[in-house]
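> Residues per chain, in single letters:
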Amino acid sequence: MRFVETVWLVTRKDLLIEARSKEILYTTLFFAVSCVLVFAFGFVREGRPLGDAAAGILWIAIAFSGTLALGRAFERERQSETLRALMMSPIDRPALYVGKLCGVLILLAAVELIVVPLVGLMFQAPLFAHPVLMIGLLLTGTVGFAAVGTLFAAMLVRARSRDVLLPVLLYPITIPVIIAGVRGTAALLQAEVDEPMARAWLSMLVFFDVVFVTLALWTFEPVMTE
Amino acid sequence: MIDFSTLTLTDVSRNFGRRRALARVSLAAAAGETIALLGPNGAGKSTLLSIAATLIAPSSGEVRYGDHDARTAGGALRGRIGLLGHDLYLYPELSAAENLRFFAKVYRLDGVERRVDEALDRAGLTTRRDDQVAGFSRGMRQRLALERALLHAPRLVLLDEPFTGLDDAATHALRRRLAGLREAGCIVLVTTHDLETIDGLIDRAVMLQQGKLVTIADGAGSLRERYRRSL
Numbered sequence: 001m002r003f004v005e006t007v008w009l010v011t012r013k014d015l016l017i018e019a020r021s022k023e024i025l026y027t028t029l030f031f032a033v034s035c036v037l038v039f040a041f042g043f044v045r046e047g048r049p050l051g052d053a054a055a056g057i058l059w060i061a062i063a064f065s066g067t068l069a070l071g072r073a074f075e076r077e078r079q080s081e082t083l084r085a086l087m088m089s090p091i092d093r094p095a096l097y098v099g100k101l102c103g104v105l106i107l108l109a110a111v112e113l114i115v116v117p118l119v120g121l122m123f124q125a126p127l128f129a130h131p132v133l134m135i136g137l138l139l140t141g142t143v144g145f146a147a148v149g150t151l152f153a154a155m156l157v158r159a160r161s162r163d164v165l166l167p168v169l170l171y172p173i174t175i176p177v178i179i180a181g182v183r184g185t186a187a188l189l190q191a192e193v194d195e196p197m198a199r200a201w202l203s204m205l206v207f208f209d210v211v212f213v214t215l216a217l218w219t220f221e222p223v224m225t226e
Numbered sequence: 001m002i003d004f005s006t007l008t009l010t011d012v013s014r015n016f017g018r019r020r021a022l023a024r025v026s027l028a029a030a031a032g033e034t035i036a037l038l039g040p041n042g043a044g045k046s047t048l049l050s051i052a053a054t055l056i057a058p059s060s061g062e063v064r065y066g067d068h069d070a071r072t073a074g075g076a077l078r079g080r081i082g083l084l085g086h087d088l089y090l091y092p093e094l095s096a097a098e099n100l101r102f103f104a105k106v107y108r109l110d111g112v113e114r115r116v117d118e119a120l121d122r123a124g125l126t127t128r129r130d131d132q133v134a135g136f137s138r139g140m141r142q143r144l145a146l147e148r149a150l151l152h153a154p155r156l157v158l159l160d161e162p163f164t165g166l167d168d169a170a171t172h173a174l175r176r177r178l179a180g181l182r183e184a185g186c187i188v189l190v191t192t193h194d195l196e197t198i199d200g201l202i203d204r205a206v207m208l209q210q211g212k213l214v215t216i217a218d219g220a221g222s223l224r225e226r227y228r229r230s231l
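From first to last, the protein sequence lines are chains A and B. Numbering-wise, the working numbering puts 125 at position 125 of the first sequence, and it's gapless, one number per residue. Numbering-wise, the working numbering puts 57 at position 57 of the second sequence, and it's gapless, one number per residue.
Simulated from the structure, these hints should not be mistaken for lab results. Misleading hints may appear alongside valid ones.
One side of the interface only, derived from the structure: several residues of chain A facing chain B at Cβ under 7 Å [stated by the list, open to error]:
(1) Lys13
(2) Ile17
(3) Arg20
(4) Ser80
(5) Glu81
(6) Thr82
(7) Arg84
(8) Met88
(9) Ser89
(10) Ile91
A few chain A positions that, by computed beta-carbon distances, are all more than 10 Å from chain B [what the hints assert, rightly or not]:
(11) Leu68
(12) Pro167
(13) Tyr171
Just so we're clear, the structure is a prediction, and the values are computed from it rather than from any experiment. Ideal Cβ positions, reconstructed from N, Cα and C, are used throughout, including at glycine.
Throw the hints in and build the complete structure from the sequences for me.
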């Protein structure tokens, strides 16, 4: 119960700060929408999109904008060294990690609410034809990506070149998540929908989520102790 | 709840890469004692406070809080330590009351609203309670940060340059607060360059010079004169 209360306390604080500044939401959203529009100019010819472009572009937009959100979420804690205050408090450090993760996930969900329909519109992709599977893929893919990203962003908060290091470390580790997200989404968007394939990729994403979240909970405390 | 009445550092060293910030520092402090930690910039004062605050681990040596150490006591011990650092550990987007309320809940304190009201009153910020900290002057932030650090009535109080940015009235209020902490049986370690202000408030002073601890002898003269003699 204490764990859940702490998670809610940290998440609520992050959301309150974001509601006041709207800094992460606006920058992330602007970046994701720009990304989709630029790709739309490249991959849509005479009103027809190329192959599986929609699935790839959707996940690229989520991954790139997610990296931006992750960096800023911890930059805020660094500016006034509030992360040190949290690390000094008696709260469970895994709860602190999950609280930060939930804050990032809610922000990314808000971005996806705009980006997913936009990709559907620009690439004439029936993203809502199988809503349960699609939401499952988005949810598990975003959790897997953000779980690793939150850990790395916290680790790098004091590194001088953190803005460069975060994507360099994050993308190679999360490639399985991005590939599973892309292939699962593509299976739902092709002419003959391959639901078993989408479910297989969804199962893979659930597996990645369990592994990544468990590893992050296990390593957060030692990596955050200087 | 964990409590302790002594802080003991034994042969504590800390290296950052090849640079040695602290070299075999030993220091003992008892409840009700206020110790000034003096020294030039870069002498290792903040590093020592961070080690005492459990934020960084010593490269060698031991830090004990009564019968406890940081590794085994964990969160329960951290809940008895209050730190006011160079950076003020406040969220600029939140109001003064929201900052205090958040940290009161983080520390799982009872009577949160009462504690927040009392802390705002002591900081002289009752009328600005709902204003965002981003709009506060340095002195106002410093007063709020001090109350945030003391909100949970810590046994060990670590203050890094607490007089920075304070006007005369706030300086006097902080002097009274420090005297109150001593009476309440807190162990207070305070770093400052403002020797005239702290003189008379402390039980003893020690100096860090190139990572090594030197005791400033009691005797005739002001704290500044004795500090200069020790340099």
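> Which of the listed hints are not met by the structure?
none
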